[in-house]
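Trainee: The lines below spell out each chain.
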Amino acid sequence: MANVSAIQLSRPLAGRRHGLWDYLRGHLKGSEYLWALAFVVPYLVVFAVFVAYPIVYGLWMGHDPALYKELWADPVYMNTLVNTLIYLAVAVNLKMFLAFLLSGFFVRPGWWVKALLIVFVLPWAVPLLPTFISVHWMLDGQWGLLNNLLWELFGINGPFWLDSHWIALGSIIAAYIWKFMPFWTVIFIAGRMAIAPELYEAAAVDGATGLRRFVHITFPLLATLYFVNTLLSTIFSVGDFATPFLITNGGPALTTYTLANLGIRNAFDLSDPNLGVATVMSALPLMIPLVIFLMRKLRTMAVEQ
Amino acid sequence: MTVIAVEGRARARTTDANVLHSVRVARRRRYLTNIGAAVLSVALVIWSVLPIYNMIMVALDSHSDVLTTHIFPPHPSLYSFWIVITEGYWYLEYFWEQFGRSVFLAGMVVLLTLTIGSFAAYSVGRLRVRHGWLVTNCALLTYVIPASFLAIPYYRLMAQYGMMNNLWAVIAALVAFTSPYAIFIFQQYGRSIPIELDEAARIDGASPIQIYFRVYLPLMAPALVAIGTFAMLAAWNEFLYQFLLLSSKKSMTVPIAIVQFLNSDESPWNYMMATAVIYALPPVVVYYGFRKYMAAGLTMGGVKG
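Here the protein sequences come in this chain order: A and B.
Terminal number for the first sequence in the numbering used here: 305, no gaps in between.
Terminal number for the second sequence in the numbering used here: 610, no gaps in between.
Don't take every hint at face value.
To be verified - Which chain A residues face chain B? A few, computed with CB under 10 Å, are given here:
1) S31
2) A38
3) V126
4) Q142
5) P182
6) H216
7) A242
8) L254
9) G263
10) L294
Calculated directly from the structure, the hints in this document are not laboratory data.
Keep in mind it's a predicted model, so treat the numbers as computed, not measured.
C-beta atoms are modelled at their ideal positions from N, C-alpha and C, and glycine is treated no differently.
Just chain B, same shape as in the assembly (with noise of 0.2 Å):
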């Protein structure tokens, strides 16, 4: 008996030592995993603020102090702000109609892309309209083809239907491009509601409309959510089909505006980038608004299973 409990003590003195070093390993390595992900958090803060931060300070700059060498602007003032807000420089007379028309693009993007989008899952998700996986099939095939190679020709329709300086063409553009993802994460997301629901309204007698707009949609809402603001971004990204077909001063949006400054004798920086950090300001609003929804949405398209 006492040899075992003697034996059991060594042993228990043994394990101690080791419980206590592997303690001790397990500290040192927590120590050293926190100063790297402390370095590499620094690293990341840095890199993606930096072009932000340039954005804003020169947009803080006076307009002398743009071509001086300096990392913090000398005189920090606002002025350039209110310059942009009053339209108060030649560049930037027509702003507020052209952030207007930023607006309203973007606007019927994403109301064009919710209702089409959403129609089309519905038909084929859960109405299971016979061969309705061709309308699947036919929206990827929209991305064999990337958006900038379809400019040209696009370009070149828009201006024999006369649509050029039009809204309307650059808006149809996007639809045409926002529709498929919208209708494949629609198609994902159904598949989470219980088709039975559509069936019992159909038994009480309800007409497919009836059901898309009293059972369909409001469930969907969160995968509407994800799309809307995926649309509202995908708009406000987008660059060359304005930069194409809205040329005039009066058709044409904030960012070919702010291009227009790139190709001035002068480019007045301070100014443009304060338009710049106006420009920027709804879609990071919108997006960090509706972060949750977005995850929930992407996750749905992309990493089930």
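This is chain A alone, in the form it adopts within the complex (with noise of 0.2 Å):
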């Protein structure tokens, strides 16, 4: 209990407190009290005006049931409906993997790992949008690179890679993966790193190496993690707009919409805000669950601490 310091210790015990003031400040002095709220208090106006009073007003615009029955009936609801559960089941998870395999790869000695490292987390550090109107470009199917590289290296005449509904959401799939493994990698590394050396020794004497030293300590210790991160990162991928809008912008023929793209057409291309808020709204029923799984697992995270 470090936090009792001398101070309070020191303090001339008060008697007993009573008002409401008094029970409010706590262990601080008035004046430190208000300096403390005044500290606050900007956060909390940021958060109020920019953040609650938009949620509370998007509730009241999306709150009439008729829309829902509206978007059920709509085919390229259902549609867009399909591809984010694909994109968050198919996208999240194996970019997840994927960073973490890697992750075992980055944590091996030698300076040619760390100079590919620099070089694999450039996808990341890039700004998102240069990039993505390069990856569409690139997937041009008569004059991009890919299929340009196809031909001359392989006499491959490589798909219209846009055209088809499924290899152009494979594309916007890969293209996350593309931009956002990178951070994902990084933090595995962190959470590699983290683990005290003593135990791979300990295990090493016990005999056990390789997969056996994954399966029971590597894995273990980041399992945690593990979840907490494919938790966090499926949330802001059912956000996602940027990715399928500059990839593929829908195409072909709106069959490879997510919910965020559709909402933003409903709301502004058709011109109808409160189906647009009542599309993304949709989302809601699977959102709740998720936070409240993530604040759960943070909390026994901040006890194991």
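Dock chain one against chain two, each of which comes alone in its own frame, and use the hints as you go.
Mentor: Written out as structure tokens, the structure is:
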């Protein structure tokens, strides 16, 4: 209990405290309590005006059940919903799994592994929009670099990447993994570095190497981190607007939209803001359990620390 | 005695053979892992660099070469960059103004995120204001609803307040979404700084604001740099809010100007990519400059325990 410090002990016992003021200011002096309030007020104002109020306003905009009936009857919406689920299930998990494996490669010793890491992080350091436009152009069936490469190197006529639903969706997923895998790899590298080397040494004495070392030490220690990362990444990716927008812009024929894209399209291109809000709000039944899971997990993590 | 010695020698010989054998196996295995690592490294470099290579390649193309099949510019020239720098094309007439606006946007987001985030974290984590945990939880709640989902009500509200085509509307939204992460990281990082330092200053009669400036901020420097970099990258990566809120040519930032290119009939890809390359440079420089701090910041947030 380093927190109970000399000051609190040396303060004269003020008898029974009473009144709301004394209760609120707790261990702080009056002027200090005012300072403490002044320090949190800027954030609370930002939160209230730019987060809480828009949320309430959004819920109000999307409160009419008729909107959801309209969505349910819309084939584009159903398709979008399926896309979003595929996107989350495949892109997020594949990215996380690959990042986890690659982090094992990047903790190997050697200068060239470090040099490689610098190159590998490049997709994340370069801003999103320029690179995604570049990917879009690269995937052009006629003039794009990818098909040119396939032709020059292997003599293959590549497909028109963005003209078929499945290949286009696959391209979005690949671009997403390209952009965001480095970030999570770096997090896993930090996680692996945090494992005490004594554990591995003890395991080596007991004869555990390779796969067994991974199964019995690395994975159990990183499982919580992996789980939290997957949750966080899922939450971030539900609202991913830019990737599908810039890679395919919904093409071919609105078959590769995700919820965020369709919401913006309904609100702005079709000038029906309420329908747009309803489109994105329909993801809440998925979001709320995810966030509750995450908060619980973070709390247990905090206790473990 | 001799019997034992002979036995001992024989045992030594067999263990020698065993050792030799296992050394050979180990060497072969190391050889194979090295080949595997080399193949993986080459694949990773190609994967990471290809879209960025494509961006630079198209930027080096001359106008007539863009729509030809090639994997290396036939007549590489820096002409497109010259056009962008001198604003020599009608789509680029406000390029430097737009670039300045992007810089201002990122600078303000960094400054406000750091100020508001460190204020709140100081109050909750160091002054330990009563019910401070509520602030932290509020902050986490921001991530329940993805930014792209809030975009529609946010746009509506900004339109009502007459904040359309106003950079501050975007700055406010970005600060609202980066500060929760900042508060979280600052609080985590703050735990590594002994609270006794604050208390010693308090005994000497320092007010909370003096402690904030003289004790807290200097010791938090690494976390401040990490979050500053994070906020800068976030501002540079952000697309949707700028896309929705900044539509007039006189108010838009570089990414929106690049997307405007896409919608034009002629799509001068070489100018677009040259713009993209110039736009991508600042975050790359900042990221690689502060990479060490970034890792420290991320580790503090994600991987303790």
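Trainee: Hint by hint, say whether it matches the structure.
Mentor: Results of checking the hints against the structure:
{"no.": "1", "hint": "S31", "result": "holds, 7 Å"}
{"no.": "2", "hint": "A38", "result": "holds, 8 Å"}
{"no.": "3", "hint": "V126", "result": "holds, 5 Å"}
{"no.": "4", "hint": "Q142", "result": "holds, 8 Å"}
{"no.": "5", "hint": "P182", "result": "holds, 8 Å"}
{"no.": "6", "hint": "H216", "result": "violated, 18 Å"}
{"no.": "7", "hint": "A242", "result": "holds, 5 Å"}
{"no.": "8", "hint": "L254", "result": "violated, 18 Å"}
{"no.": "9", "hint": "G263", "result": "holds, 7 Å"}
{"no.": "10", "hint": "L294", "result": "holds, 8 Å"}
The structure shown violates the earlier hints numbered 6 and 8.
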